[in-house]
Amino acid sequence: MDEGATVRLRLDLAYDGTDFSGWAAQPGRRTVEGVLGAALTTLLRTAEPVRITVAGRTDAGVHARGQVAHLDVDPAALAALPGRSTRTPEDVLVSRLGGILPDDVVVREVSRAPTGFDARFAALHRRYLYRIADPYAAHDPLRRRDTTSWRRVLDAEAMDTSSRMLLGLKDFAAFCKRREGATTIRALLDFSWGRLPDGVLAATVRADAFCHSMVRSLVGSVVAVGEGRRGIEWPAQLQQRTERASEIFVMPARGLSLEEVVYPDDPRLADRAGETRARRDVPGSTATR
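Those letters in the sequence shown? Residues 2 to 290, by this note's numbering.
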């Protein structure tokens, strides 16, 4: 398809990741991209499977309330969707997706993307939430799919103090599963803890981007602090390493949810995408990743 003759659509969606092998399509496995791509290919009647670009490629079992994706479609195929209906093609696409997608995936909105929009590269930051129910919390069986149960009492104040020591533009190689050619330099903008009214411990983790398993590894490192097994400075000491730290326990996926993806104002979208693609240095370092 001629890229210059396509319309870029933005999709805002949510899913329960429990029964998915992550976002990315994999042969023989049920994935969010696979399910959504098959539905869009059917509705748009494309000769080839549609290609979807997503803001955050969530791992197996990870949920999303604020996921964002884009795809480029043939204007004629889009215009044909309403038939004799007076609804917009975007509204019709949302409605029809709701009719064929499984219950654990919901496309909440489809809109025409502004010039320069790229779901992945134009994002300013992503915000995740991690939920833990320790013995102080009310264990709600209705939240078992999005909350990790923990048998030991956790010190929320110590975890919060430890987490804030990791903020900034740094190399987070110690917390990432290395992928060939992928950077581990990230700007961690927020990592904080608090107890919800029901006693559940909730971590807010916000960064410009995340590398593979980074959020669950960050949480795992400070859970060790919350248990009293490690000192408050331990995660920050690990962060000085240039290779993955095997001592870190990667927390279960079920407690993690992508809550929000934030983008700049429309005039800044293309510039932001270019900045994100550029290689970055950690201040004071001679290494580029």
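Quick caveat, the hints were computed from the structure, so don't treat them as lab data.
The reader is advised that the hints may include incorrect statements.
Simulated DEER-style distance windows between Cβ atoms [claimed, not checked]:
#1 Asp272 to Thr7: 20 to 28 Å
#2 Leu168 to Asp272: 36 to 44 Å
#3 Gly84 to Leu168: 36 to 44 Å
Derived SDA-like pairs (lysine to any residue); straight-line CA-CA distance at most 20 Å [stated by the list, open to error]:
#4 Lys178 to Val74
#5 Lys171 to His140
#6 Lys171 to Gln27
#7 Lys171 to Glu244
#8 Lys178 to Gly23
#9 Lys171 to Pro115
Here the structure is a predicted model, which means the values were calculated and not measured.
Beta carbons are placed, not taken as given, at the ideal position from N, Cα and C, and that holds for glycine.
Hint by hint, here is what the structure shows:
1. Asp272 to Thr7: 20 to 28 Å: 22 Å, holds
2. Leu168 to Asp272: 36 to 44 Å: 25 Å, violated
3. Gly84 to Leu168: 36 to 44 Å: 52 Å, violated
4. Lys178 to Val74: 34 Å, violated
5. Lys171 to His140: This hinted pair is violated, its Cα atoms lying about 36 Å apart.
6. Lys171 to Gln27: 31 Å, violated
7. Lys171 to Glu244: Holds, because 13 Å separates the two Cα atoms, which is no more than 20 Å.
8. Lys178 to Gly23: Within the cut-off at roughly 15 Å; holds.
9. Lys171 to Pro115: Not satisfied, since the Cα-Cα distance of roughly 32 Å exceeds 20 Å.
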